[in-house]
Structure formats: C-alpha cells, structure tokens
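Student: Spelled out from the first residue to the last, the chains are:
2 protein chains.
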Amino acid sequence: MTIDMYDQDLARRPANFASLTPLSFLERAACVHPDRVAVIHGSIQRTWSEVYKRCRRLASALARRGVQRGHTVAAMTANTPEMYEAHFGVPMCGAVLNAINTRLDAKTVAFILDHAQARVLLTDREFSGVVKDALAQCSRELLVVDIDDPNFDGGQRLGTLDYEALLAEGDPDYPWQPPVDEWDAISLNYTSGTTGNPKGVVYHHRGAHLNSLSNIVSNEMPLGSVYLWTLPMFHCNGWCYPWTLAALAGTSVCLRQVRAPVVLEAIATHRVNYLCGAPVVLSGLAQAAQELKPRFDHPVTVMTGGAAPPAAVIAAMHANGFRVRHVYGLTETYGPSVICEPQPDWRELGDDELADRMARQGVRSVGLEELMVADPETLKPVPADGQTMGEILMRGNVVMKGYLKNPRASEECFRGGWFHSGDLAVRHPDGYVQIRDRSKDIIISGGENISSIEVEGVLFRHPDVIDAAVVAAPHEKWGETPCAFVTLREGAQLTTEGVIAYCREHLAHFKAPTLVVFGPIAKTATGKVQKFKLRELAREAAK
Amino acid sequence: MTIDMYDQDLARRPANFASLTPLSFLERAACVHPDRVAVIHGSIQRTWSEVYKRCRRLASALARRGVQRGHTVAAMTANTPEMYEAHFGVPMCGAVLNAINTRLDAKTVAFILDHAQARVLLTDREFSGVVKDALAQCSRELLVVDIDDPNFDGGQRLGTLDYEALLAEGDPDYPWQPPVDEWDAISLNYTSGTTGNPKGVVYHHRGAHLNSLSNIVSNEMPLGSVYLWTLPMFHCNGWCYPWTLAALAGTSVCLRQVRAPVVLEAIATHRVNYLCGAPVVLSGLAQAAQELKPRFDHPVTVMTGGAAPPAAVIAAMHANGFRVRHVYGLTETYGPSVICEPQPDWRELGDDELADRMARQGVRSVGLEELMVADPETLKPVPADGQTMGEILMRGNVVMKGYLKNPRASEECFRGGWFHSGDLAVRHPDGYVQIRDRSKDIIISGGENISSIEVEGVLFRHPDVIDAAVVAAPHEKWGETPCAFVTLREGAQLTTEGVIAYCREHLAHFKAPTLVVFGPIAKTATGKVQKFKLRELAREAAK
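Protein sequences appear in the order of chains A and B.
Position one of the first sequence corresponds to residue 1 (this note's numbering), numbered consecutively onward.
Position one of the second sequence corresponds to residue 1 (this note's numbering), numbered consecutively onward.
Hints may be right or wrong, so weigh each one.
Put simply, identical chains are the same to the list, so a pair is met inside one copy or across any two.
What the hints assert, rightly or not - Pairs of lysine to aspartate or glutamate, EDC-like flavour, derived with a Cα cap of 20 angstroms:
id, residue 1, residue 2
1, K405, D7
2, K528, D105
3, K523, D423
4, K132, D162
5, K405, D4
6, K405, D9
7, K53, E370
8, K53, D430
9, K380, D173
10, K543, E480
11, K53, D35
12, K293, E265
13, K107, D133
14, K380, E370
15, K523, E540
16, K440, E454
17, K132, D114
18, K528, E454
These aren't lab readings, by the way, just hints derived from the structure by calculation.
If we strip away everything but chain A, and leave its shape as in the complex, we get (with noise of 0.2 angstroms):
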C-alpha cells in the first residue's frame, strides 16, 4: 500500500502537537485572569496569579522531597484552598493525587494508603482521629503534611511540618511541564464498594481534560462562574469541577461543611451560580430557602447526582429559583458523563411529570463517546421500549484508565470493550436511559424482575416514611422475595401490614414487600446503603 498524502510530511510536532492536560488551564487562568478571585475560604481569597504560585511551588517542594513521575501524593482534607491546590499542584510535578474519602475508618484509609504506595500525605486537624489511627496501621514511611486551616478549631497536628512551611520550600516559578502522555495518570480514586476492599480508579490527564470541558458544555457554565464547595472534592475529584472552574477562571468558594443555611448565604454574598450535590443537599436547600427567603436574585444551577432527584425536591428547588440538572456517572467515569439534558418541550410540562422525566439519567454528554443499554454479556442493545432492563455500558474518553494493580478487576469490568456500570436500567423511547436498580440488586421472584429501586420509590412516597430500602429475602415457593427496610417520621403509627398494603396498591402485587423492617438503615462512609447487611437481616426476618 503506498502511503497517503495526508500522512506524507505531517506528522506530530511540537508545533501542533500538545499533551491534553488540564493544567494547561491554570496557567492560562493566571495569565489572562491574574487578579481575579481563583479561591476564598472565610476571609481567604487567592487570586489566580497567587494561586498559580501556590501550586508551582508545592510542585516545586514535592520534587525536591523527591516526588517524581507515577509517585502517589494522598490528601485527607474538607473542602480547602489546599485541596484545590493539590489538584494542580500535585501532577505539576508528575506525581498522582489521591484524595481520600474523609468519611472512611483508619482501617480502610490504611489500606488505601499502603496500596496507593503514597509517599505523602496531606492531613486535616479536623480527621487528626483517623489518620493517626491508620498511619499507626499503615506499612510505609509517609511525609505527613498537616493543613492547618484557620477556618477549624479542634484536632491535632501530626506531621513533621505544615501545608505552609511545604510551600516555603518550593519555587514560585518552578517549569513544570505537562505529561509526556495524555494518557499519565493525574488521579487515584478509590472507589467505596460496600463489600471487599475499595479499588483504586486511575484518571489520566486526557479525561480530566475531556471531562472538564464537557461539564461547561453539558451546564453552560460562563467565563468567570463561581461555583460553591458543597460536593466534596474527594469524590472523583469533585466530579473534576475543580480543572473546570480553572478552564473558566472561574471562582471556587470552600466549604468546610455542607449546612443549608450557610449554604444559601454564601450564595448570596459570593454570587455564587453553580453548585453541586446529591439530592439530599438539594432537599435541605429548599427546604431552608422556603424558610429564610435569601437575599439573593441571580439564577443559581444545581448540578445533582449519586440518585435521582425525587419530585418534590425538584418542584421545591425550582419554586425557590434554582435550576437542577440531573447527571449520572460513576467514580470510573470521572464522575458526570451522563445528562438528563432538558428539552425544549419539558417547560410545558406539570410540576410532576418534569419530575418524571428529571429522575432519569439522560443521555451521554459531549465528553463521552458512546451509552448504551444492553445486555451484558452479548452486548445487544435493549429495545427503547421503557420495560426492557439491561446494563448500562458506556465507552469513551472519559472512562478509567482502570484499576490500579488490579488487573483482574479491569478485565471484568472492561469486558466485551465496553465498560460494564453494574447499573440495571431502561432507555426510553426518547432515548433517554433511567436506573431500575444495581444489577447485584435486583430481585427475582417467580422468575420476575423487581426492581429494588421501583419498591423503594414507592415507599419514599408514603408521608411517615423518611428512608427506605428494599432487598431479596429467600422465600420457599417464589424463590425471593421483597424484604422492605423503613424508618419512619417521629410519631408516625405505620404498621408491618400498612406498607405492605400501600405498595400493593401503587404496583403489581407481586412486586409489593412480604416483609417489613422497622428502624435506621445501614449505611456506607458515603452514605450509600449497605445492601449486604440488609440481606443478611432479610434472612432473618424471613425465618
């Protein structure tokens, strides 16, 4: 075959070649935006020229401590300037950032930290308890830094120096380069299975690159947006909003912790007009805002996930000025790839059905190549018929590296080319796809599919109850059947035989609990539930 013209002569050059990377964004955020706010904290504001120098010199001060290529730096923090800093900071010099859910037990975060090999840490005085706990259990030396922020009182320090002095011993000016490849890792996010160890997800520069550019055009974000901390940056690294808000030199406003009150008044003293979190902070927020009616008047978008936003959140939100987009992705796929983008015609519609067609996941965002509902194993798509279950199996540029050091777990969830979610969903006739449940979740009774999540809808419908789930108990003729964990509202009377009746009269009989189980539910350091404990209790029910 003789050669084609377009390859003759025109190959990649440094000219018009350039390693994707979102730290490009930094840099060009300090030279266009220089004294504009990058960062506050409390009475803390960074400019983007400022924090530029932050983040060379931590770069800087991580490579003379001998931090290089493919070394891990781990950060155990709240929402702080350093944490954003790390962000940028951290693979200046090469290195990977592991951000730390701070919600975990020593015994896991050990784990973490001896599997990521870290060879840093950056701690915060308000985990002080945990973190000594798991460096006392942890294998390895770590330089522990400790983030003394004047914004907490309490904790202790534990490191052999401060964030600060860190700094000091970095170059303001420091060269950093971008990756040699766009394919090098930027991140390591372990993910929280609710059995097993966690597993290690690897970002590359690449996908964060793609996905933040993506989170502007699925929200358009404008130049200059200020976003407000309430996801905390530990999760898929803040569902990458911070690389996006430095694409916009845009303003971050931190936050310790996410208290509606505080919430609404950072919004209107800041202007703050994007935010993001899971449905339950969009619940607190209106209910708070119906309250205090805050000074604020400029529109506000709430970017929600991790659920479905229920009906009455939306209405309320949307009562309270709020504009919510519902995005789904998963902690391997650097967080939001999926948008329940709006359409035109929705405006038309009644508070409830906008809700119904809100709660669904959506379709694939401009970062992420292809979506799909099918089944798992010969990869045929399912009908978009609104019944038909399958997986939701999604390929492209913002999915995982993979697993790190766990190749066998790569392989399974990579599997037939395309990376398996292990959510079970639908698409409907508009294409757009909505969750029917975790494919391990799932109950089969009589040979019916029940979904765990339909029930449990169901159930967070009743006035009294306030949380709910929903789990296969064993059962003798039908082989499983729904096992319903409830907590009720304060004062409530709703009895075993009251839930049941109530399901069956808003589903098929057959998917109506046979058991009920009053009181708190267990749940993960995240909050999601631990459905394997409930399972273990549904067989004891079912005795």
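Model the placement of chain B on the given structure of chain A, informed by the hints.
Tutor: Coordinates of chain B only, in the frame set by chain A:
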C-alpha cells in the same frame, strides 16, 4: 528502570479510548435531539435525525463510488445545507473535505483540484462559470455533483448527477466509523496567499474536535444555540462552527448572500443568537439596524475577526444590542484560536477606551496551548510593554498538521517548534497581544519600524475615508516611506495635503505618509488587500 505501577495493566482499550472527532457530535445530536431543527435554508428545514441520515447517505454513496480514507472531496458552494452536510458526510467515509473559496478564479480552482487530487467535486450553479473553466483547465477526471439549490436561480448544471441523486445511492444507516487515528486528516483549506500558489492547510479530527469545544467555551454558547451563516463555510471550515453547532445540537441558518437587511430579518425570524463575520459585515449590520429598527429583543453575539473591529463599529453594534467578541486566528489554526476575552472592569470603560481594548487580538483560547510574541529567530519573548514588536508564535492542538505536499513550507512555518503566524505584534502589560503588522508589510523608514496597520487605523478615523491601505514606497533618504492608498466617500474633497496633515496630527511625524494615491484598493478573492500590487503602484508613485 522499573515499570511505573500507573502504566502496568492500564493500557488503552476500546472501552476507554476513542479517537477524538467532531463526527461524534453529529451522532449525539441526532440521538438526543432527533426532532430539533438542525438546518434552515429558505423554506427548507431539516431535523438532526434527517441531517444525520443524509450525512450517512452521503458517506455511503461516496464509499460505494470508491472514495476512501485519504481521498479528497472538493466542494465549491455558498453556505448551503449541502455544504453543512459535507462537513460530516465526507469524513464519515474517511475522506477529506476541501471547501474551495467561491471567489477564486478558474485557474486557481484548477490548481487546487489538481494539487488536492480531488476525486469528487460538489458544485453550486451560482459558480458554474468559474467551475466550468476550472474543470477544463484541470488535469483530473472528477465526479462532478451538482448542488441544485431551489433557493438560487441561474447558472448551469455541470455534473453527471445532482446531490440528491448521489444521496439516493447511499444507505441512511451506513455504519460509519470514527477515524482509526484522531490525527487523520478531516479537511483541507487552501490559504489565499497574496502571491504564489495557494498552500493546502491540513486539519485533523483531533484539532477539529477541540476547536469546536473551544468555540463554545470562549463564546459562552448555550445548548441549542441558533447560528446564522454570515461567515463562509469555506473559510477555515467556517471557523469550525459546523461542528460546534452539532456539539450543541444547535440550529444552522444558511445564507447565500450576506446582505444586512436579510441578516436582520433572519435574526428576528429564527431568534439567531450567534453569528460570525469580518468587521465590514458588522459595520453594514450596525448601519442597517439603525435604519431598520429590527424587531428582536434577544441577545445576539457576533464573533468578528480578520481585522480589528474599528471603534465606531463596536460602539454602533453595542448601541444596537449586539455583543461583540473579537477573535483572531489563521487558516493554519482552525480559525479563531486567540480571543479578546473581556475583563470585568472593561464594563466601566467609555466607548473609545473599550474599542481600544477590543481592538486587541487578545489571549489564547482554551483550545490553544501556547501563544507568545517573540523574536522569531531566538524565540525570546518580547517584554509585555505594549511597544516592543515580535512575531506571534503559537503551539498546541489547534495548529494544523502542516501544508499538503509542501514539506518546505511546513518546515519553514514550524521552525523552532512553534507555528510562525507572520503577524507582528506587541504584548500589552495585561498580557493581551495586539497585531501591528504582517511581518512582510512592515515599513522601515530611517531604521524605524512603522506599522502599516497603525497608519491605516488613523486614516480610517478620518470622516471622509471609507477605505485605506498603507505600504512601503522606496525613499532615497529614509530607505522606505509610507505610501497611503485612500478611497474617499462620495463627494468628499480631501487632498493629498489634507491626508498628510491629518496623519501628522495623529501620529509620530515619521510615521505619516509622504505619498497619497486616491481610488479603489485592489483586493483578493477573500477581501484581503493585495499589498504586493499596491507596492508596485507605490514604486510608480515614488518615481
């Protein structure tokens, strides 16, 4: 060296790596917004679903006729739906789109068809005169396909079949594939040099994808934007906007001829919110808006480039409710890659001061990795003093692959690892870049550099001047001296002495022209002043 754990078992796979290509935007638009209008042209309206099918038909029909990867498909047409579709359909079969400037002469078109080794030509009746001659002069056997636009009367059909017949040969479900390598060519755009043969600038899928997204970020374009085609699609592929519109699932309003009243009408009828055009388009628009008082009240953003927008034009546009964005780039940089990003404090500036800031070319877009003004030989950046001139040098992912079959020209423009723009500029203290001249247009008088653009700027401010250009004329004592070419408003009485006196009043005296020639100014097909012709005339005038 041991293998880094972040490289171990974490290679690219189909699940997590996809070639970047703007074609993925089309598939997404058709899937997410199948019924939204994608293209409007007169009474023709087509949805994203229809356009996607037509593009697949085009790709399929071309493939069936033997067109494949690395082949060239040329198009010489106004801004029609067919041209829009060609931006997707041609690369969907692996081929490269060569959109030809419709203002070129037959000889140049023939040169391009030969040089590009075009196999197919899509041609528009409007240009059948030139195309017929070009085909006679060209040495290739081409498949000539007529675009038989019902919105145009006249010209003749030249081909063996028309575009709709070609589509009818194709499969609307053609299983197109993204390019195997994102570095594969997607389009070929010939630069209209003022001398010599045009050079073929090759774009790749990666750059087209990234610049499409960069347009969205830079201009804060919302989903579903409505875009009016006042900029020719043959011009740097319409600055990548055909692809940008697909990423937003927006609407393209086609336009065969750019006349201000028609533009205003289209803005009102279709609620257009974005358009691009040279400053001359803007001045026509501002004037017409003043006279016609058009009936629209929504915000409209106009991206302008090719030359700095004059103060009066910016003020008039703002007064008529348009938002102006000045962008800069070259064919070699996929169109706009530098943007005059507004600073918040510019809102407080008066008209003249604002125009002064907005006349600057600006800063790199998020799509361009590096931009500097430097000595083109030593690559040493000039100080940001607003005074010292250097060449604009760029590098990054939105710089072309190179010139087709012209390695010498590629080496020359890429020397030192940077793309050399040929534009001489200063860098202001705020980091914004401002062009002073094309490097070959600088006038050196008594050892002092004179920017022809600066002198032209003064001439344009004179109320009697409607067009102006300045070039070097030989001068016995000073080496060179500025010679002004001036077109006067009808009825104006300005004399040579008047022009010189006005310039001396507003410029350092050594910069004032000593020779003035009145009359129309020679332009190229793309409206660029033919300075080489003016230089000949200036030599005559100096005798």
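Student: Among all the numbered hints in the text so far, which are the ones the structure does not match?
Tutor: When the structure is compared with the hints, none of them turns out to be violated.
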